[in-house]
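Sequences are here, hints too, so could you generate the full structure?
Letter by letter, the chains look like this.
Number of protein chains: 2
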Amino acid sequence: MPTLTLGQYDLVYNALSFTIATMGAAFVFFLLARNTVAYKYQRVMVIAAIIVGIATYHYVRMFSSWSAAFVNSGGTYTPTNEIFNEAYRYADWLLTVPLLLVELVAVLSITGERRKGVIIRLVVAAVLMIVLGYPGEVTLDVGTRLLWGTLSTIPFIYIVYVLWRDLGVVMARESPEVRVLLRNLRLLLLASWGVYPIAYLLPLLNIDPAMALVGRQVGYSIADVVAKPAYGLLIYAIARIKSEEEQAIAPVGALVATD
Amino acid sequence: MPTLTLGQYDLVYNALSFTIATMGAAFVFFLLARNTVAYKYQRVMVIAAIIVGIATYHYVRMFSSWSAAFVNSGGTYTPTNEIFNEAYRYADWLLTVPLLLVELVAVLSITGERRKGVIIRLVVAAVLMIVLGYPGEVTLDVGTRLLWGTLSTIPFIYIVYVLWRDLGVVMARESPEVRVLLRNLRLLLLASWGVYPIAYLLPLLNIDPAMALVGRQVGYSIADVVAKPAYGLLIYAIARIKSEEEQAIAPVGALVATD
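In the order they appear, the protein sequences are chains A and B. Counting from 1, position 211 in the first sequence corresponds to residue 210 in numbering that gives the first Met the number 0; the numbering is continuous, with no gaps. Counting from 1, position 240 in the second sequence corresponds to residue 239 in numbering that gives the first Met the number 0; the numbering is continuous, with no gaps.
Some hints could be false.
The list makes no distinction among identical chains, and a pair is therefore deemed to hold if it is satisfied within one copy or across any two copies.
[What the hints assert, rightly or not] List time: in silico SDA-like cross-link candidates among lysine to any residue, alpha-carbon distance up to 20 Å:
#	residue 1	residue 2
1	Lys39	Ser242
2	Lys39	Ile240
3	Lys39	Val169
4	Lys115	Ala236
5	Lys115	Val168
6	Lys39	Val104
Think of the hints as simulated: they come from the structure by calculation, not from any bench. All figures in this text were calculated on a predicted structure; none of them were measured in a lab.
This is the structure we're talking about:
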């Protein structure tokens, strides 16, 4: 771990805390929003809540790990014996990225056997992407990082391809209002998922190790906020509109079983 | 406690944290899933939630115990005065294993007196299995470990036998869809419960004590994730299908008593 300036240490510290607050708030919101969509979309909100719940846990752990990994020694933050545990992110992604994909498929009008096939392929690709990325993340060797990063990119591209193709097919079937939201969802997916490889590759850019560490942590945090709570809000908007279109908004306390 | 490398210490540390997140997420999910199954299967989801809730608590404790049991002394983790408390696992199993068996019997269509008899026999066998295993777990003597391990295996085999026999009888009565899930449940039970004796016997294999400790903790954690949340998801799938088959999905706020 490199030595950090006060500003560098604080930036990550506050970014992690901000993310805890955002994930926690989203957890409460998605739980409460469940009863405002039709019965068939309620599981989508449950998945959204569980994703940000898992992220809240991991950000609390990362916050503690970050605080313990550095000590203020008169003007700079020097590393302690406790090493900042980057693995929390990978444990988080291992659980949440497959769930994000399940959430997406669940809100789309993909039915029956087709849906099961898509989910299995996406989940396997997501797990591969994360597991292959990890060895590169924890190494200090540039070549090793590049190798695993490249391997991890293959399932990443496959996921983007499947989503693009299947979102395209589904979009054609939806109302104009839902279509706009699905287009935004595509852009949001690309914008947020695109940040991860950039943050991942920061240590390769021959910049100051402290800057690379700080940039990576802040980058991952911003990407997580976009990819989980903001993404969940868009999914919620889609579920709301589709509930209205299908005239099946569930009055609280009298849910209609339409699934 | 043996001295560990950074990688060995981290592996257990992250496996324990990952399990906390998984158990906690499953707790939220099973609680929320309760209202999506028929009234007669809702208690199954309550039991599933309680099991992973108990496990979440014990894994939080184990995580703290593990962190306190070792200190980073420049490149290796050496044992502190605090001994890692293996008893948390046995306390957890003493509570959760009987509940796992009750959960299984509750989702099967075993009725009346027959059900009560099966539950009592399974619970007694489960308690015996865990209580007899513990003295062997905490000893350093190979012979003692083997003796108690063998004694503990007798009720274990009895449980597997009863489950196989009764699952077979019940499977013949169910729809093809449920039958496939019950077959998967059998395989999952065998795969997850089979890991425990292997992890238990690791210290007997004359391998490096650090490797044996790490292998045992990671093995137990994986087995717990399969035996509790993954098992609960399969049970939930069975409850969902049976609810639909019996056309008795309970609308929230107007629960239908069908039991």
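Going through the hints against the structure:
no. : hint              : in the structure
1   : Lys39 <-> Ser242  : both (9 Å within a copy, 15 Å between copies)
2   : Lys39 <-> Ile240  : both (13 Å within a copy, 15 Å between copies)
3   : Lys39 <-> Val169  : within (17 Å within a copy, 30 Å between copies)
4   : Lys115 <-> Ala236 : between (24 Å within a copy, 14 Å between copies)
5   : Lys115 <-> Val168 : within (16 Å within a copy, 29 Å between copies)
6   : Lys39 <-> Val104  : within (13 Å within a copy, 29 Å between copies)
In summary, this structure violates none of the numbered hints.
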